[in-house]
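Q: One letter stands for each residue in the lines below.
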Amino acid sequence: MAKPTPLQAWHQAQGGRLVDFAGWSLPIHYGSQINEHHAVRQHAGLFDVSHMGIVDLRGSGSRDLLRWLLANDVARLDENPGRALYSCLLNPAGGVLDDLIVYYMSPEWYRVVVNGATRDSDLAWLTQHAAGRGVTVTLRDDLAMVALQGPAAPAIGAPLLSERYAIDVAALSRFQAAAQGDYFVGRTGYTGEDGYEVMLPAAEVTPLAEALTAAGVAPCGLGARDTLRLEAGMNLYGQDMDSGVTPLESGLAWTVSLTAERDFIGRDALLKQRTLGIARTLVGVVLRDAGVLRPQQPVRCASGGVGVITSGSFSPTLQRSIGFARVPAGDADGCRVEVRGRELAAQIVRLPFVRNGVATFQL
Amino acid sequence: MSEVPENLKYSASHEWVRAEPDGSVVVGITHHAQDLLGDMVYIELPEVGRALRLNEECAVVESVKAASDVYAPIAGTIEAVNSELTAQPELINTLPYSDGWLFRLRPEMPTALNDLLDADGYRRQLDDDSGA
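Going down the list, the protein sequences come from chains A and B. Taken in order, the first sequence gives residues 90 to 452; the numbers are from the numbering used here. Taken in order, the second sequence gives residues 102 to 233; the numbers are from the numbering used here.
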């Protein structure tokens, strides 16, 4: 039986089509996922992301623990309380255990937001490594989480959130957060648009959702969330990367801080891989022909190498199919993808596919 | 609640069939089927003149979410396809029983329609599917 989020009844009242997603009952859409996608690109949308794991690390050892556990370096946040950082969590072989956002709130408090499907394993991993380091690890399953996303999110959200939670939301720059007790607002998201992720006591999330939709924000489901993040060139854990690949093979080298002075779990494996050469890379693929890219479809590159689609769908903004593919490193031209028994023409492009609502590439 | 018009026949695999005065039949997918699949983005239709066996895969309707095969609800030959769907696949969502039709078929056996479900039979199947 899928677990309900604190917004379950609200989803039903809004006509949400609930599905089981990583053990959680969440709306795939509320009628049309394409309309919801356009609402976020053109105005503002609201997503229930309460399935994600909110984990607080408290205590003086938190910084050192995160420097040891994360591929990116939280020392980059030292001068900027409230600042957020995207990172992978690696196993000793350099494989990706999860990707996450870490917020540096104070020297005694970091907040980590992890994927819903991996929250239990991540919590166990963090707790195990925290032992004896002066860090308390707490899963905040008393909190709900929603994402308000879209170009109109600041105009609508800043006054409304500031008034409710006594946080100066208008003062937040991109990738920055502020907290007031159990209320937490970060200017982050997973759509490529401006907006906020809001964490708050579970009992208070329904009134917030009601206030935002009354202000013209569209309820949006998992379907739109997936096509938005795909257009924005953002990886999905479990689909575009997992424990069998490293960040260097997943288009995430920019999130790895390989310096001489810091050791971290997976570092040796990444250094070795970099020295020996990175054989595979994750790229964006645009389908030239009509059809739809889907995960697992084989990709044949111009060089003769073979790759595979990891994520694929239809881009409502571009009105054609786009996807990610793991291909031999160095391939950057035309390719062919086997789609339902037919070989279709496609093009490897730089990510993201969409910025400020328009295509970043020309075919 | 899914719309199930009285004047149509239905297959268990969620195609609808409408008998035309000239003896041909028009085929589409039901309101229930389009609702399950969600927003349509790509439709693959059979070639005119193709002869289809009963239950043969003959078209693909693809939504943002997933691709789904369409099966020939009766045996026959394709006489026409709805080429509007190439540019406007969403017609299947908005008007599944009219402008969202897929193809017109000349039945091999005029009596084949009798083997399909009527509206009541299809409604019962939908109830059974959801009530399980």
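One should not assume that every hint holds.
With beta-carbon atoms standing in for the labels, derived distance ranges [unchecked claim]:
#1 Leu365/A / Ala176/B: 36 to 42 Å
#2 Ala188/B / Asp422/A: 26 to 32 Å
#3 Ala188/B / Gln328/A: 26 to 32 Å
#4 His218/A / Ala188/B: 14 to 20 Å
#5 Gln408/A / Val149/B: 22 to 28 Å
#6 Gly112/A / Ala167/B: 55 to 61 Å
#7 Asp422/A / Pro106/B: 37 to 43 Å
#8 Glu104/B / Ala292/A: 36 to 42 Å
#9 Val108/A / Ala188/B: 27 to 33 Å
#10 Arg429/A / Thr195/B: 22 to 28 Å
#11 Ala181/B / Val108/A: 33 to 39 Å
#12 Glu209/B / Gln385/A: 34 to 40 Å
#13 Glu432/A / Ala181/B: 55 to 61 Å
#14 Ala244/A / Val149/B: 48 to 54 Å
One side only, chain A facing chain B, incomplete, derived with CB under 7 Å [unchecked claim]:
#15 Trp99
#16 Leu107
#17 Val108
#18 His127
#19 Ser402
#20 Thr406
Note that these hints are calculated values from the structure, not bench results. Backbone N, C-alpha and C fix where the C-beta goes; we use that ideal spot for every residue, glycine too.
Q: Run every hint past the structure and note whether it holds.
A: Okay, the hints, checked on the actual structure:
{"no.": "1", "hint": "Leu365/A / Ala176/B: 36 to 42 Å", "verdict": "violated, 59 Å"}
{"no.": "2", "hint": "Ala188/B / Asp422/A: 26 to 32 Å", "verdict": "holds, 29 Å"}
{"no.": "3", "hint": "Ala188/B / Gln328/A: 26 to 32 Å", "verdict": "holds, 30 Å"}
{"no.": "4", "hint": "His218/A / Ala188/B: 14 to 20 Å", "verdict": "violated, 55 Å"}
{"no.": "5", "hint": "Gln408/A / Val149/B: 22 to 28 Å", "verdict": "holds, 27 Å"}
{"no.": "6", "hint": "Gly112/A / Ala167/B: 55 to 61 Å", "verdict": "violated, 21 Å"}
{"no.": "7", "hint": "Asp422/A / Pro106/B: 37 to 43 Å", "verdict": "violated, 51 Å"}
{"no.": "8", "hint": "Glu104/B / Ala292/A: 36 to 42 Å", "verdict": "holds, 39 Å"}
{"no.": "9", "hint": "Val108/A / Ala188/B: 27 to 33 Å", "verdict": "holds, 30 Å"}
{"no.": "10", "hint": "Arg429/A / Thr195/B: 22 to 28 Å", "verdict": "holds, 25 Å"}
{"no.": "11", "hint": "Ala181/B / Val108/A: 33 to 39 Å", "verdict": "holds, 36 Å"}
{"no.": "12", "hint": "Glu209/B / Gln385/A: 34 to 40 Å", "verdict": "holds, 37 Å"}
{"no.": "13", "hint": "Glu432/A / Ala181/B: 55 to 61 Å", "verdict": "violated, 28 Å"}
{"no.": "14", "hint": "Ala244/A / Val149/B: 48 to 54 Å", "verdict": "holds, 53 Å"}
{"no.": "15", "hint": "Trp99", "verdict": "violated, 21 Å"}
{"no.": "16", "hint": "Leu107", "verdict": "violated, 13 Å"}
{"no.": "17", "hint": "Val108", "verdict": "violated, 10 Å"}
{"no.": "18", "hint": "His127", "verdict": "violated, 11 Å"}
{"no.": "19", "hint": "Ser402", "verdict": "holds, 6 Å"}
{"no.": "20", "hint": "Thr406", "verdict": "violated, 12 Å"}
Of the numbered hints listed earlier, those contradicted by the structure are 1, 4, 6, 7, 13, 15, 16, 17, 18, 20.
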